[in-house]
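A.B. asks: Protein sequence lines, in the order shown, are assigned to chains A and B.
Here the numbering used here is used: the first residue of the first sequence is 14, the next is one more, and so on.
Here the numbering used here is used: the first residue of the second sequence is 14, the next is one more, and so on.
Just so you know, these hints were derived from the structure itself, not from any lab.
25 Å max Cα-Cα, derived SDA-like pairs, lysine to any residue:
{"hint": "1", "chain 1": "A", "residue 1": "K17", "chain 2": "A", "residue 2": "E212"}
{"hint": "2", "chain 1": "B", "residue 1": "K307", "chain 2": "A", "residue 2": "P102"}
{"hint": "3", "chain 1": "A", "residue 1": "K216", "chain 2": "A", "residue 2": "A174"}
{"hint": "4", "chain 1": "B", "residue 1": "K307", "chain 2": "A", "residue 2": "T100"}
{"hint": "5", "chain 1": "B", "residue 1": "K307", "chain 2": "A", "residue 2": "Q104"}
Residue strings, one per chain:
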Amino acid sequence: MNLKLQHAQIGHAGHPPLLELDSWFLEAGGLHVILGSNGAGKSTLLRSILGIHPLLSGSFALEAGSRHWGPENRANWIKHLAFVPSTPPQQVGLTVREVLELSGDASEAARLNPRLEPWLNFRLSQLSDGQAQQVMVARAMLQSRHWVVLDEPTAFLDVAAQRDMWAMLSRHVEEGGSVLMATHDLRGVQRGLASTTPEVRSKSSIMLLRNRVIQSIPVGASLEELELELERALGG
Amino acid sequence: MSPPEVLRAATGRASSELHEVVMHTVRLPRTLAAAASGMLLAWLGLLMQTWFRNPLAGPGVLGITSGGSLGVALAVLLGWGMPTWLGASLGCLAVLLLIGMGARRFASPVTTLVFGLMISYAVSAAVTVLESSASAESLQTFVFWGMGTFGKATLWQATTLLGLVVVLGSWMRWRSAWLDAWLLGEELAQTMGVSRTQMNREILLLTGLVLGWVTSVCGPLAFLGLAVPHVYKFFHVERSHRDSVMGVAAWGVVLALMADGLVRWTDADGGAHWPLNAVLAMLGAPVVVSVLWKRTHDWS
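Required output: the full structure, derived from the provided sequences and hints.
C.D. replies: Shown next as structure tokens:
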């Protein structure tokens with residue numbers, strides 16, 4: 014289930030495009046991280062991919078083998094792309110179970126992340142931000158076995174909660190899923206990637222979003238090499 | 014009438030013709046109208062609180078009911094050749110559209126509430142202007158309508174209210190997954206399959222229609238919509254819309270019948286008549302205050 018954008022201009026109508034992607038291809042599997050400063054267009058890119066923000070021009074599609082389809086078919090699209098916003102919903106009286114069951118089987122989520130089990134009958138509003146964010150990631154994993162798209166998911170989380178989130182995301186990749194995450198937190202990403210297995214890392218990439226283009230850097234197995242690559246890219 | 018007599022009259026075995034008439038033209042329509050309006054307003058309150066993701070939303074707070082009043086004022090006071098139910102429905106719908114537009118523009122639900130409150134004031138001002146230039150007779154009709162009562166409903170009107178109960182109740186259950194997802198946030202809900210335009214359209218249409226009809230039959234009823242979901246939440250654990258629809262309806266019936274019982278009791282007493290809206294405010298205001306009291310630390 015690869016994700017492909019062609020001649021896509023991303024931005025807001027009536028303004029110059031934030032991003033111009035002639036041909037952007039994301040291979041299924043692996044953790045793909047978009048790094049960029051605030052206002053670079055990360056969120057708009059994600060929202061465009063999710064189909065809740067219109068492209069200025071161009072198109073994008075999911076492909077698997079010879080089959081491919083676009084976001085027009087909403088029912089199909091949302092089975093392949095699920096979203097985790099940066100802040101977990103506030104003051105939601107629904108229980109964790111009720112939230113999870115909007116997208117699938119709550120016991121399946123508890124299998125993916127056993128920590129969720131004791132929270133099932135708690136209200137989402139009774140959990141800490143870190144716990145609630147884990148619930149939201151689990152919900153997204155129930156909605157889509159393919160892509161899970163996260164926008165600054167760790168912005169409000171402490172280090173321990175960030176570690177739990179990365180554990181869930183690499184679990185998702187190990188089970189055959191793909192992750193697309195936007196963040197400005199380079200250190201967090203390095204720490205997170207270091208916590209995953211070499212196998213997950215070998216399929217992952219970091220994309221620098223600057224000056225309206227995306228530059229992709231494969232993570233590979235060696236984190237030292239990645240650091241050098243990033244320094245070179247950021248320096249140049 | 015004593016309870017056994019009520020039962021006999023209700024089942025068509027009244028001991029006297031008077032009892033039968035009282036039952037079918039007074040008691041039955043009044044009770045049905047109260048129960049149906051209680052359910053409808055309770056659901057609309059729940060719906061508004063979900064739609065705006067704000068525990069203090071409700072048809073009355075957002076000025077939607079005032080819109081209905083303006084519609085009725087135009088129909089009754091200005092004598093526009095328009096039935097009151099149409100005036101009320103159009104009035105509710107107009108305000109609802111305004112609020113819907115505001116809600117899209119304002120990021121914060123609190124701003125939307127303030128916007129609704131301002132609309133409410135502006136609309137009430139327009140109603141006051143109409144009142145001051147109305148004839149004494151039509152003014153009296155309008156003022157009494159404004160106090161609210163279940164007692165003016167005919168059997169036919171009560172039956173149509175029950176019809177709306179079926180419509181709105183089925184819709185709430187049918188759309189419960191959308192409403193639940195909406196609570197998680199507008200963007201997230203859309204990535205979960207909620208069509209925002211479709212849902213907004215359905216909510217606007219249903220709320221305008223239902224509130225317009227209830228308002229034209231029973232008057233602009235205060236507090237029921239806002240308060241009932243909180244009474245429900247105080248006593249029940251379930252929050253998903255599918256599981257709470259019946260409970261919220263039940264509490265709507267209980268509170269509406271309690272309020273009407275109190276009104277009838279003051280009537281029978283021969284003393285001062287307590288208008289329905291006064292009774293509803295007396296029952297509802299403490300509920301809302303207790304919500305504020307509990308939530309002062311976290312509502313925004």
